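Below, each chain spelled out in residue letters.
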Amino acid sequence: MNHQYDVVIVGAGLAGLRAAIELGEDTRTAVISKVFATRSHSGAAQGGIGAALGNEEEDHWKWHMFDTVKGSDYLADQNAVEILTKDAPRTIYELEHMGVPFNRTEEGRIAQRAFGGHTSNFGKAAIKRACFAADRTGRVILDTLWEKCLQRGIDFFNEFQIMNLTVRDGMCCGVTAYELANGTLHHFHSKAVLLATGGAGKIFRTSSNAFASTGDGMAIAFRAGAALEDMEFVQFHPTGIYKLGILISEAVRGEGGILRNNEGERFMERYAPTIKDLAPRDMVSRCILREIRDGKGIDGKDYVFLDLSHLGEEVISSKLAEISGFARTYAGVDVTKEPIPVQPTCHYMMGGIATDTDGRVMIDNQEQTISGLYAAGECACVSVHGANRLGCNSLLDVLVFGRRAGRSIRRYIHTIGLPPLPGDDPTVETAAQIAALMDSTGQERSGAIRSEMQEIMMDNVSVFRHGDALVKVMERLRMLKDRCRQIGIQDKGRCFNRDLLDALEVGYMLDLAEAMTLGALNRDESRGAHFREDCPDRDDEHWLVHSLFCYGGPKAAPQFLTKPVKITDFEPKERKY
Amino acid sequence: MKSTFIIYRFDPAVDTEGHYQEYSLETAPTDKILDCLNRIRWEQDPTLAYRFSCAHGICGSDAMMINGRIELACQKLIRDFKTANNFVIEPLPLFNVVKDLVVDMNPFFEKHRHVRPYLISDMDAPDRERLQEAENQRFFEPALRCILCASCTAACPISRANPDYLGPAALLRSFRYIFDSRDTATGSRLAQIDSDDGVWGCKTMWWCTDVCPKGIPVTKCLGQIKRLVRDKQKSES
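If you read the sequences in order, they're chains H and U.
Per my numbering, the first sequence starts with residue 1, numbered consecutively.
Per my numbering, the second sequence starts with residue 1, numbered consecutively.
So that you can see chain H by itself, here it is in the shape it has in the complex (with noise of 0.2 Å):
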């Protein structure tokens, strides 16, 4: 079936949607998703969004520019953070005005809480700059844009899986999607495409991740000659609920939350003397990790306690609802009494498709673009985050980039008509991938191939690195690859094919991992949530500086290279806190 639109917006999340209201009533826009919209993973967010509004205390942008540079270990592009930090308060009033319900303060104007990393006057103390709606920011920000989206009318494809992008003379003109409900091929013929399909946290065994953030898009488009950007930076969340990975958020301890050892200790208060449980969370994480294995987990076990119960009850039930609702159901704790048992998660994907600040999809690190490609959110690397992200700048990241993003494809489309596709049918080589698939005699199971590369990433790709490690994890994810290509499908029918979806998925999750491991055996240094045990120090001579990966076809590794960082206002210093 074949569709015609102006703009294609591939993902349904927060960045996806913020661009399709940006792009206005004049333009034709669909929004496919392979889950239905308002299940997007951009709901799972928690704790709150950033912006130095300054209503609980006085507070600047430029304050907020910093504290993202230095939580990105320097390795963010400044010029991009400066947009970031200083677009966050319009953002916030804006999100206001569509009617998303933040919670107050007792004067009526938006409250705000403390968050890791964030601090007043250049790093002198913690600070209240995350604007929240108890813990479920994302949850209410996602239906408000979402109605926004059915008040306009914006037309909405769920549960389409996407495909390939369709991509003529260094030009994008389309994409195809697989529907799932009746396996039907489906071609959007379009002006231009923008890749909002969120992170890949599903790569690794323990994930705070939704079963759909298999990082389909920044594979295609990595397939289709996009350039991937810093995916060696892989945020671990120190606070996951132990052995399930759930996500504890930030706002725990921004309320005041305390991390204790089996001996009770407040041991954050060593590592980071002036902010303690608030430092930024590739630090956190590591510090849980080096507690463990001094042995000074809770009953030797690999996990610590985060302690809340001090807060009360009203703190907790008008602030902490929802992970207080899954401390209780999934660890069996009630909060108020009980320390939550707690070990990193991986969490967030810092690296993504390379783009400028309005979206623009890098092929290269010359600036080089595919015409009509966009990429925002999660899946994009601006790169805002750098080496680790700050708690509640991704949902500003996906704000403040999504609109950007919006308003530059709606630029360009006006000044080219539709553009030609390559052949008749432009769905042809996806129909015969998929056959060919569905077709194989294949022995192997996308199940066992997926957990094998978990395992494998969660064991030398986390938190903790070494060089010798990361050598064999690219000759083992190569072998998986090999195996990715015998899979056979057993389910044959054409409703809600799962079975051929986790065979998709797991081939785009192996080429990302690729890329990650790559780039963590390359970057023979320590930055950020990137930690070589063989190499713990930071260096700024040889390694500030962005990687990039090029894929090299189905059966070689990514070509790697390097880009420079744009610093502007503030020089690279030690990163204490």
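Take the hints with a grain of salt, since some may be wrong.
[Stated by the list, open to error] The calculated label-pair distances, taken between Cβ atoms and stated as ranges, are:
#, chain 1, residue 1, chain 2, residue 2, range
1, U, Gly223, H, Glu429, 23 to 31 Å
2, H, Met479, U, Asp164, 57 to 65 Å
3, H, Asp299, U, Lys232, 57 to 65 Å
4, U, His19, H, Asp424, 26 to 34 Å
5, H, Asp425, U, Gly223, 36 to 44 Å
6, H, Gly423, U, Ala84, 56 to 64 Å
7, H, Asp425, U, Ala84, 53 to 61 Å
8, U, His19, H, Gly467, 52 to 60 Å
9, U, His19, H, Asn522, 54 to 62 Å
10, U, Gln44, H, Gln433, 21 to 29 Å
Bear in mind the hints are in silico, worked out from the structure with no lab data behind them.
The structure displayed is predicted, hence computed values, not measured ones.
Glycine included, each C-beta is placed from N, C-alpha and C at the ideal position.
Add chain U to chain H, keeping to what the hints say.
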């Protein structure tokens, strides 16, 4: 320990009506029902269809009938049931089955859309945020917990009897905007649902409140709308 899962199956390509299929699985008390479904699909039967995504009760994908009661499969653990490790898993009632445990949610979202689920304001927005009393925000806060999983509407006896009834989920969304001090369309919102297909369809049977996986007092919220409609009528007459 071994658990038995008796699961409703229906494939539109081959079946004219549904049937039940039995699977057995080694389970731990802390396994979620969703974990069990995943393992059945990965290890025994890749054709089993159901929706899922976040796996911790926030995306709203996996509401279904578990042992005769509507639950989120990701929010219920094996240890939560006292049914001798036997589980009967069926799709949500009320909606048409697409395949196995997947139902057609379009009618549900049509009703959601019908209540104009967005802020309507005839006031110019200020440069900064509009002020709102914390007390007001707290009043409609329960409705913000809604994840559109459709449990309440599927459970509602009135929704089963009257296909035109908006149902608890859509009316709860209405409640959220009616009581938001920033929304100025209260009058037309109330007029729109002042009927037996609207808020008066609710006969206060509490089934919606009983099944809500987020603990929202849905019936009470709908009661607040009824009270407001009555108060308005009184003050006008």
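- Item | Beta-carbon spacing of Asp425/H to Ala84/U - inside the hinted bounds 53 to 61 Å or not | 56 Å, holds
- Query: Taking the CB of Gly423/H and the CB of Ala84/U, does the distance hold inside 56 to 64 Å?
  - Reply: The hint (56 to 64 Å, Cβ to Cβ) holds, given that Gly423/H and Ala84/U are roughly 60 Å apart.
- Message: Quick check: does the Cβ-Cβ distance between Gln44/U and Gln433/H fall within 21 to 29 Å?
- Response: Hint holds: Cβ distance 27 Å, inside 21 to 29 Å.
- Query: Can the suggested window of 54 to 62 Å be confirmed for the beta-carbon pair His19/U and Asn522/H?
  - Reply: 55 Å, holds
- Given a hinted range of 23 to 31 Å, is it respected by the beta-carbon distance of Gly223/U and Glu429/H? Since the Cβ atoms of Gly223/U and Glu429/H sit about 57 Å apart, the hinted range of 23 to 31 Å is violated.
- Task: Could you see if the CB distance from Asp299/H to Lys232/U stays within 57 to 65 Å?
- Result: 60 Å, holds
- Task: Could you say whether the range 36 to 44 Å given as a hint is met by the Cβ separation of Asp425/H and Gly223/U?
- Result: Hint violated: Cβ distance 57 Å, outside 36 to 44 Å.
- Consistency of beta-carbon spacing, Asp424/H to His19/U, with hint 26 to 34 Å: 44 Å, violated
- Message: Given the hint of 52 to 60 Å, is the C-beta distance from His19/U to Gly467/H inside that range or not?
- Response: Holds: the Cβ-Cβ distance is about 56 Å, inside 52 to 60 Å.
- Message: Taking 57 to 65 Å as the stated bounds, is the beta-carbon spacing between Met479/H and Asp164/U within them?
- Response: 59 Å, holds
In this structure, the hints that do not hold are numbers 1, 4, 5, in rising order.
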